[in-house]
Amino acid sequence: MHPFYSYSEKFLGSTGSEWIGLLSMSMYLVFWGVVIVFAYRFAKKYIVTSGGFKKHDSAMMILRERYARGEIDSGEYHRIKDDLNAGEKEK
Numbered sequence: 001m002h003p004f005y006s007y008s009e010k011f012l013g014s015t016g017s018e019w020i021g022l023l024s025m026s027m028y029l030v031f032w033g034v035v036i037v038f039a040y041r042f043a044k045k046y047i048v049t050s051g052g053f054k055k056h057d058s059a060m061m062i063l064r065e066r067y068a069r070g071e072i073d074s075g076e077y078h079r080i081k082d083d084l085n086a087g088e089k090e091k
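Under full-length UniProt numbering, residues 1 to 91 are what the sequence shown spells out, in order.
Any given hint could turn out to be false.
What follows is a set of in silico ranges between Cβ atoms, one per label pair, in the way DEER data are often shown [said to hold, decoys possible]:
| hint | residue 1 | residue 2 | range |
| --- | --- | --- | --- |
| 1 | HIS78 | VAL37 | 36 to 46 Å |
| 2 | MET60 | ILE36 | 25 to 35 Å |
| 3 | ALA43 | LEU84 | 27 to 37 Å |
To be clear, the hints were calculated from the coordinates, so they are not data collected in a lab.
Every residue gets a Cβ at the ideal spot worked out from N, C-alpha and C, and that includes glycine.
Please take these sequences and the hints and turn them into a complete structure.
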């Protein structure tokens with residue numbers, strides 16, 4: 001058991017130092033809270049789930065490439081993009 005969790009007068013050799021136990025426990029809670037938040041964000045960003053391929057949709061990539069090469073104009077690009085997005089919302 002961590003020494004700060006018990007009555008700390010003998011451990012530190014002074015009176016009025018009981019707050020150190022609360023501070024120590026608070027620091028452990030903050031540390032593990034930060035670890036959990038970073039683990040959640042890492043998992044959300046880098047671990048691919050079954051619905052995680054929306055950003056890498058091949059139809060949208062082809063559409064962007066065609067627009068970049070000048071094969072289609074802005075109006076056609078936006079019309080096709082809206083059609084593709086509408087199809088995804090129906091799923």
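What hint numbers does the structure not satisfy? none
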